[in-house]
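Spelled out from the first residue to the last, the chains are:
Number of protein chains: 2
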Amino acid sequence: MPDQLRALDVPVFERLTIIGLGLIGSSIARAARRANAAKIIVAADISPDVCARVRELGLADEVSDDLAAAVSHSDCVILCVPVGACGAVAAAMAPGLKPGAIVSDVGSVKGAVVAAVQPHLPAGVHFIPAHPIAGTEHSGPDAGFATLFKNRWLILTPVENGDSAATEKLAAFWKAFGSNVEVMDAAHHDLVLAVTSHLPHLIAYNIVGTAADLEEVTQSEVIKFSASGFRDFTRIAASDPTMWRDVFLNNRDAVLEMLGRFNEDLSALQRAIRWGDGDALFNLFSRTRAIRRSIIEQGQDTAAPDFGRHAADEKK
Amino acid sequence: MPDQLRALDVPVFERLTIIGLGLIGSSIARAARRANAAKIIVAADISPDVCARVRELGLADEVSDDLAAAVSHSDCVILCVPVGACGAVAAAMAPGLKPGAIVSDVGSVKGAVVAAVQPHLPAGVHFIPAHPIAGTEHSGPDAGFATLFKNRWLILTPVENGDSAATEKLAAFWKAFGSNVEVMDAAHHDLVLAVTSHLPHLIAYNIVGTAADLEEVTQSEVIKFSASGFRDFTRIAASDPTMWRDVFLNNRDAVLEMLGRFNEDLSALQRAIRWGDGDALFNLFSRTRAIRRSIIEQGQDTAAPDFGRHAADEKK
Numbered sequence: 021m022p023d024q025l026r027a028l029d030v031p032v033f034e035r036l037t038i039i040g041l042g043l044i045g046s047s048i049a050r051a052a053r054r055a056n057a058a059k060i061i062v063a064a065d066i067s068p069d070v071c072a073r074v075r076e077l078g079l080a081d082e083v084s085d086d087l088a089a090a091v092s093h094s095d096c097v098i099l100c101v102p103v104g105a106c107g108a109v110a111a112a113m114a115p116g117l118k119p120g121a122i123v124s125d126v127g128s129v130k131g132a133v134v135a136a137v138q139p140h141l142p143a144g145v146h147f148i149p150a151h152p153i154a155g156t157e158h159s160g161p162d163a164g165f166a167t168l169f170k171n172r173w174l175i176l177t178p179v180e181n182g183d184s185a186a187t188e189k190l191a192a193f194w195k196a197f198g199s200n201v202e203v204m205d206a207a208h209h210d211l212v213l214a215v216t217s218h219l220p221h222l223i224a225y226n227i228v229g230t231a232a233d234l235e236e237v238t239q240s241e242v243i244k245f246s247a248s249g250f251r252d253f254t255r256i257a258a259s260d261p262t263m264w265r266d267v268f269l270n271n272r273d274a275v276l277e278m279l280g281r282f283n284e285d286l287s288a289l290q291r292a293i294r295w296g297d298g299d300a301l302f303n304l305f306s307r308t309r310a311i312r313r314s315i316i317e318q319g320q321d322t323a324a325p326d327f328g329r330h331a332a333d334e335k336k
Numbered sequence: 021m022p023d024q025l026r027a028l029d030v031p032v033f034e035r036l037t038i039i040g041l042g043l044i045g046s047s048i049a050r051a052a053r054r055a056n057a058a059k060i061i062v063a064a065d066i067s068p069d070v071c072a073r074v075r076e077l078g079l080a081d082e083v084s085d086d087l088a089a090a091v092s093h094s095d096c097v098i099l100c101v102p103v104g105a106c107g108a109v110a111a112a113m114a115p116g117l118k119p120g121a122i123v124s125d126v127g128s129v130k131g132a133v134v135a136a137v138q139p140h141l142p143a144g145v146h147f148i149p150a151h152p153i154a155g156t157e158h159s160g161p162d163a164g165f166a167t168l169f170k171n172r173w174l175i176l177t178p179v180e181n182g183d184s185a186a187t188e189k190l191a192a193f194w195k196a197f198g199s200n201v202e203v204m205d206a207a208h209h210d211l212v213l214a215v216t217s218h219l220p221h222l223i224a225y226n227i228v229g230t231a232a233d234l235e236e237v238t239q240s241e242v243i244k245f246s247a248s249g250f251r252d253f254t255r256i257a258a259s260d261p262t263m264w265r266d267v268f269l270n271n272r273d274a275v276l277e278m279l280g281r282f283n284e285d286l287s288a289l290q291r292a293i294r295w296g297d298g299d300a301l302f303n304l305f306s307r308t309r310a311i312r313r314s315i316i317e318q319g320q321d322t323a324a325p326d327f328g329r330h331a332a333d334e335k336k
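Same order as they appear, the protein sequences are chains A and B.
Be aware that the first sequence starts at 21, since it is given in this note's numbering, and climbs by one per residue.
Be aware that the second sequence starts at 21, since it is given in this note's numbering, and climbs by one per residue.
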C-alpha cells in the first residue's frame, strides 16, 4: 500500500499539540511530520528533560512545558500520557482549549479515560478517544519512529451523538500514517483489549516474576536457557511499568473477568497434567495451533520461525 | 565465531543413525552433513510418508523404516521422537545396536527419558541424554535447517560413572554445529526447563485456549487485534501438540511445582488489581524489565523492538 505513506498535499490539522513525548507521542510527531498531517506540531511535556530532548531531536516546531499554553490555537490535541494521568492533564490544559478543537488520546483503556477526561473539557470541544494497537517494549522520546503505526490498527471510540465530521478528520489523520481505522464503543474496546493485550501482559509479567524468585534454579540459568520459551515473555514484560500499572488499575473489571476465565482453564489443564490426561492436553494444543494459522493468514504476523531467532535469520 | 561452522576434517562418527526426521531430526541430518560430523547418515522413521519425503529431500545416505536394521553398525544413534515414544523406539531398535555405540536423544525432558530408554539398552552401549535448546513452532522434515543449533545451548545429562570419552565425543559432534555444550544432571535439567520452557508453553497454550472460548469477543476480533500482546503467545502455542503433550505428562512433578508458584504469584497480582494496589503492580513491572535487560546483555535475544514487527523492520 505505497500511497498510504505518501505525504498529504493538504495537512489534516493546522496546529497539532501532542502532550507527552514518550514512545507513542514522539512517534506521532515523527509520523505527522513525514506524512504532512499537521502544519505546525507543538510538543508539550511536564518533564523539562523530555522537553530538552525533544528540542535536541527536532521533533516539533514548538516545545513547551506549559500545557494550557501549548494547546491554545490548536485544532487537535492528543494526550499521549499514561492512562492514570489523563484526568490531571485534561484539567491542566482545559483552560487553553480552543472552541471546536478535537481532543484525543492513545490510551490502552477507553472507558476510564472518558470518565477522567470528559468532565474537564469545555462545551464545543470534541473528545474522540483513540487507541493505536502499536508499540514496542521501549520508552521515551528516543524510542519512537515514524512507521510505528503503519499497517497497524487504530481504534476510535467516539461518544454517542458525537460530531461525525470530527471523527472523520481524526480517522484521516491516522490513515495518513498507514493505520487501519476501526470504530467501536469504549466498553467493547476495553473487553477486546483485556483479552488480546492486558491479560497477556499480566501473565507475562507474572511468569517473569515467578522465575525471578526461584531459589533452586538460579536466575542466571533462567537467563541462559531463556530461548526455550521464556524469552518471548520477557519482551512483553519489559513494557513501561507506569503505563501498565495504570492499565490494570483502570480496566479492572474486564481484566478480572478475563483472568477468572484464564484461571478456570488453567486449573483444568493442571488437573489434566496431574492425572495424566494426554487427550485433553493434545486437544487443546491442536486447537491453539489453528488460531496461530489464522493470525498469519490475516497478516498480523509472519510465519518466519522465531524461537531460534539468530539461527532462523541465517536460514537462507 | 566463524570456525564453529567450518566443516570438520575428520567426522566425529563413522555412521550416524537419526530416528525420527521431524524438525529436530532433519535439522541434525542437515547440520551433520554440512559440518562433516558423520561419514554416513542413516535416517529411520516408522512413517513411510516421512521416509519418502526424506528421500526426496536427499537428507540422508540411507533411509529405512526398520529401526533395528537402521541402527546396526552405527556408532551413534540419536532418538528425535516425542518423549513419550522414546521407550518403544528404544525397545524396537535395541536388538540392532552395536557394542560401544552411543545412544542419545533430543527430548525436552530427561529424567523420564532415562527411565524409559535405559532398561532396553544392552550392556556396553553408552546412553547420553541430550537436549538442544533450539526449535521453531514448525514441524516435519521440511521444517528443519542446518543452522538451527548455531549459538544455541545443548544440554547433556550423562549418567553418573558414565563413559567420559563417549560424552566428549557427543559434545564434539554438537559443537560442530555451533552449539554451546552444558552438562548437568537430569533432575536439575528438568527443573530448569520446567520454568524456562514448559511453564511458558503451558501458559501460552492456556491463554490462547481461553481467548478461543470467549463469546463476547469474537474470535475474529482476537485475531485482528492480536498484535497488542496476544500474538506473541500464539507463536509458542503453535508448537507440536504431540511433543508438548508428552513433555507435560513426563515432567509432571516439576511442571506442577512451577505452576503452583505461578498461581500463587498470579493470585497476589489479581488481589493487587482488585484492591487498586498500584505500588505492588509497579514494583513487579519494574523488576521484570531488569530481567529482560539481562537476557539481551547475555546475547540470548536482540533489543530490536518486536511488537510492531513490520513497522520496526522499516525503522531505518
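Since the hints were derived computationally from the structure, they do not count as laboratory data.
Computed from a predicted model, the values in this text were never measured in an experiment.
There's no promise every hint is true.
Since the list gives no way to pick out one identical chain from another, each pair is judged satisfied if it fits inside one copy or across any two copies.
As a list, the in silico SDA-like pairs of lysine to any residue whose alpha-carbon atoms are at most 20 Å apart [what the hints assert, rightly or not]:
no., residue 1, residue 2
1, Lys189, Asn56
2, Lys189, Arg313
3, Lys244, His208
4, Lys170, Gly296
5, Lys244, Gly296
6, Lys195, Ala105
7, Lys189, Ser314
8, Lys244, Asn200
Here is what the structure says about each hint:
In this homomeric assembly, lysine 189 and asparagine 56 come within 20 Å of each other (Cα to Cα) only inside a single copy, at 14 Å, whereas the closest approach across copies is 63 Å. Taking CA atoms no more than 20 Å apart as the test, lysine 189 paired with arginine 313 passes in neither setting, with 35 Å inside one copy and 40 Å between copies. Taking the shortest Cα distances, lysine 244 and histidine 208 sit within 20 Å of each other only across copies (14 Å), while inside one copy they are farther apart (41 Å). Proximity of lysine 170 and glycine 296 under a CA criterion of 20 Å is satisfied in neither setting, with 46 Å inside one chain copy and 35 Å between copies.
For the homomeric pair lysine 244 and glycine 296, neither the shortest alpha-carbon distance inside one copy (30 Å) nor that between copies (35 Å) is at most 20 Å. In this homomeric assembly, lysine 195 and alanine 105 never come within 20 Å of each other (Cα to Cα): the closest approach is 27 Å inside a single copy and 53 Å across copies. When the C-alpha separation of lysine 189 and serine 314 is checked against a cutoff of 20 Å, the pair qualifies neither within a copy, at 32 Å, nor between copies, at 44 Å. Only between protomers do lysine 244 and asparagine 200 lie at most 20 Å apart by alpha-carbon distance; the minimum there is 11 Å, versus 39 Å within a single protomer.
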